[in-house]
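S.K.: Take a look at the letters that make up each chain.
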Amino acid sequence: AQKITQTQPGMFVQEKEAVTLDCTYDTSDQSYGLFWYKQPSSGEMIFLIYQGSYDEQNATEGRYSLNFQKARKSANLVISASQLGDSAMYFCVEEYGNKLVFGAGTILRVKS
Amino acid sequence: DAGITQSPRHKVTETGTPVTLRCHQTENHRYMYWYRQDPGHGLRLIHYSYGVKDTDKGEVSDGYSVSRSKTEDFLLTLESATSSQTSVYFCAISSTREAVYEQYFGPGTRLTVT
Numbered sequence: 001a002q003k004i005t006q007t008q009p010g011m012f013v014q015e016k017e018a019v020t021l022d023c024t025y026d027t028s029d030q031s032y033g034l035f036w037y038k039q040p041s042s043g044e045m046i047f048l049i050y051q052g053s054y055d056e057q058n059a060t061e062g063r064y065s066l067n068f069q070k071a072r073k074s075a076n077l078v079i080s081a082s083q084l085g086d087s088a089m090y091f092c093v094e095e096y097g098n099k100l101v102f103g104a105g106t107i108l109r110v111k112s
Numbered sequence: 001d002a003g004i005t006q007s008p009r010h011k012v013t014e015t016g017t018p019v020t021l022r023c024h025q026t027e028n029h030r031y032m033y034w035y036r037q038d039p040g041h042g043l044r045l046i047h048y049s050y051g052v053k054d055t056d057k058g059e060v061s062d063g064y065s066v067s068r069s070k071t072e073d074f075l076l077t078l079e080s081a082t083s084s085q086t087s088v089y090f091c092a093i094s095s096t097r098e099a100v101y102e103q104y105f106g107p108g109t110r111l112t113v114t
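Quick mapping for you: the protein sequence lines, in order, are chains U and A.
Count the first sequence with the working numbering and you get residues 1 to 112, in order.
Count the second sequence with the working numbering and you get residues 1 to 114, in order.
No wet-lab data here; the hints were simulated from the structure.
Here the structure is a predicted model, which means the values were calculated and not measured.
Glycine included, C-beta positions come from ideal geometry on N, C-alpha and C.
There may be inaccurate statements among the hints.
[As the list claims (entries may be wrong)] Covered stretches of chain A, going by a simulated chain U footprint (3 or more residues, C-beta under 8 Å):
#1 45 to 58
#2 104 to 113
[Claimed, not checked] With the C-beta cut set under 7 Å, the calculated list includes, among others, these residues of chain U facing chain A:
#3 G33
#4 S41
#5 E44
#6 K99
#7 G105
Pulled out of the complex, with its shape left as it was, chain U reads as follows:
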């Protein structure tokens, strides 16, 4: 069964610095996708970035990049130039067969 592990329950980062949120996944599938979602305190789920298992280049979306290391089964999220508005819960997610499996999440707090 698919399993997502986020080992950092909480993280602090100074405003304008970069931060890496860790994620490892456990799957035997050859075709899968990896996502990161952001959930601010208001509760909505915001899609950030997607990486397909066959994509050779790391995905990037603005200040977000996904450091995909397939052999190590890791999909870390890198946020560059952190902003106060980045304070939120972040979920690493695996997609397989049109279904999603979520990690437990990492709470990120950005300090001014």
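Given chain U's structure and the hints, the job is docking chain A onto it.
M.R.: For chain A alone, kept in the frame of chain U given last:
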């Protein structure tokens, strides 16, 4: 927001009563999903649908049933609510855009079972 609405947004009910949550989408997406979110667990899949009258179970389906009689509506029913079903429920749809698979989530329904 992919045109997803959920109703009600908040509900308090008593143990043993039936509860139905509604998810409505306006963009004709084939796949729809119900998740629950509890502290320390992220979101967990309850049931999903891949078309009208086509549904399947997810990871935590016990105590829940679903129905989809129209493309735009996906209903989640708790036949006899229990306190362990107190949670935030999210509906989602999936789509593929420019070879990128995405799931979009509704705003959530906070259900409290007393």
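S.K.: Next, verify each hint and record whether it holds.
M.R.: Cross-check of the supplied hints:
With 4 residues carrying a beta carbon less than 8 Å from a beta carbon of chain U, the stretch 45 to 58 of chain A meets the three-residue requirement, and the given coverage holds. Only residues whose C-beta sits within less than 8 Å of a C-beta in chain U count toward coverage, and the stretch 104 to 113 of chain A has 4 of them, enough to reach three; the restraint holds. Nearest Cβ of chain A to the Cβ of G33 of chain U: about 5 Å, under the 7 Å cut. The hint holds. With its C-beta approaching chain A no nearer than about 13 Å, S41 of chain U sits outside the 7 Å limit, and its interface hint is violated.
The interface hint given for E44 of chain U holds, since its Cβ lies 6 Å from the closest Cβ of chain A, which is under the 7 Å cut-off. With 7 Å as the threshold, the beta carbon of K99 of chain U comes within range of chain A, its nearest partner Cβ sitting at about 6 Å, so the hint holds. A cut of 7 Å between beta carbons decides the hint on G105 of chain U: the least distance to chain A is about 5 Å, and the hint holds.
Of the hints listed earlier, the one the structure fails to meet is number 4.
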